[in-house]
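Chains as they are written, first to last, in the working numbering: chain A, 1 to 307; chain B, 308 to 390.
Just so you know, these hints were derived from the structure itself, not from any lab.
A portion of the hints provided could be inaccurate.
[Said to hold, decoys possible] Keeping only pairs whose Cα atoms sit at most 27 Å apart, straight-line, the calculated DSSO-like set for lysine-lysine is:
1. LYS311(B) x LYS366(B)
2. LYS313(B) x LYS185(A)
3. LYS359(B) x LYS313(B)
4. LYS359(B) x LYS311(B)
5. LYS313(B) x LYS366(B)
6. LYS185(A) x LYS359(B)
7. LYS185(A) x LYS366(B)
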Amino acid sequence: MTPSDRSLGPAWGYASFYLFIRCGGRRAAYALLQAVCAFYVLFRSQVRQGCLPYLRQRFPHDVGLVRLLQIYRMVLAFGTVLVDRAIAGLLGPEQLRVSLAGRAQLLALRDQRRGMVLMMSHVGCWQVAMSALDFLEQPVAMLMQPDTRSRERHYHDYRGGERPWHLIDPAGYLGGALEMMAVLKQGGILSVMGDRLPPHERNRVRVTFLGRPVDLPYSAFQLASATGAPVVVMFSRKSSADSYEMALAETIEVPAGLGRRPEAYRPYVQRYADLLATYCHDNPYQFFNFFDLWQSDAGQDAVVQQK
Amino acid sequence: MTIKEKLKQILVEDLNLEDITPEEINDEDPLFGEGLGLDSLDAVELVVLVQKHFGVEIKDMEQGRPALQSVNTLAAFIEQNQA
């Protein structure tokens, strides 16, 4: 496999952005980005198709040029995150200001030594926002498959720096379940994506998201039930040209002993889906999960009343 | 009831194994994958159940990987670690 298999563009395209960042800074890179995004939206149907499942739920009544503009805004917002990551990596992390809402709560949870499940989502720029958690002074273990097939890099990769988190590979032994348990039992921090669909249907539970049924994973909530760790739902968003906000949305406490039945976890997964929906209402173009969450059989059911 | 019998009962009743009874589980059957078909979430639950029923904690992957191979290996781990 070559790196281009999962990249968004050719190598020279990435090099062009790096050149613009080094020579012209943020504004030059953003100007190039606007042109590139317009090209992708107009001439790459797969880009448009990737945005449509979400936009159809978020803006169900819009069509035509309005929809095209929404796609452009979504693609531009995603591209901006990628450019910002490169800016932080090439010009230094001080180029981006990252603020955190919920610092006191996080410190209190850390001091309880119960472990902590940080539930992130494909919104904003979680990689940059994670840098706002340095004050916890605890290593973060992250459930994430190392992607060697893409040219997209994390901000620490640009300078050859060490990855600021420990990776737990979901393709590893038992999906990394024992590693994740060990992290939490030792009072550590485990970061997971709450909106990443697991391959096995048995590990999903059906909830409502943006008015229609979707299947979301409940493994993080099962881990919380098994270890006593709280689930801390956090969202990041780009708040201005050079700043990001990371906010603790809610801490979800899952009772011990809920067992293996998906139904037991539905209320907690639904709560996460509701928080994510609120985020999408407040930040409609910063949702970057391009997978069609609504495509399952659940999505074919009767439309649930829009909240 | 022996440790192995208790483990088989836990596997069927608490992990909701369908179309199989405790008596039909062989001691050497792999617990995960093509054996009994358990998955990663079952592993989490099994760790909890072992602690609940036998008072034995599986602390990490170094302990868990060899112990969670079959009913035989798990029973042996429990016997070794029970107070």
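Q | Indices of hints not satisfied (ascending) | A | none
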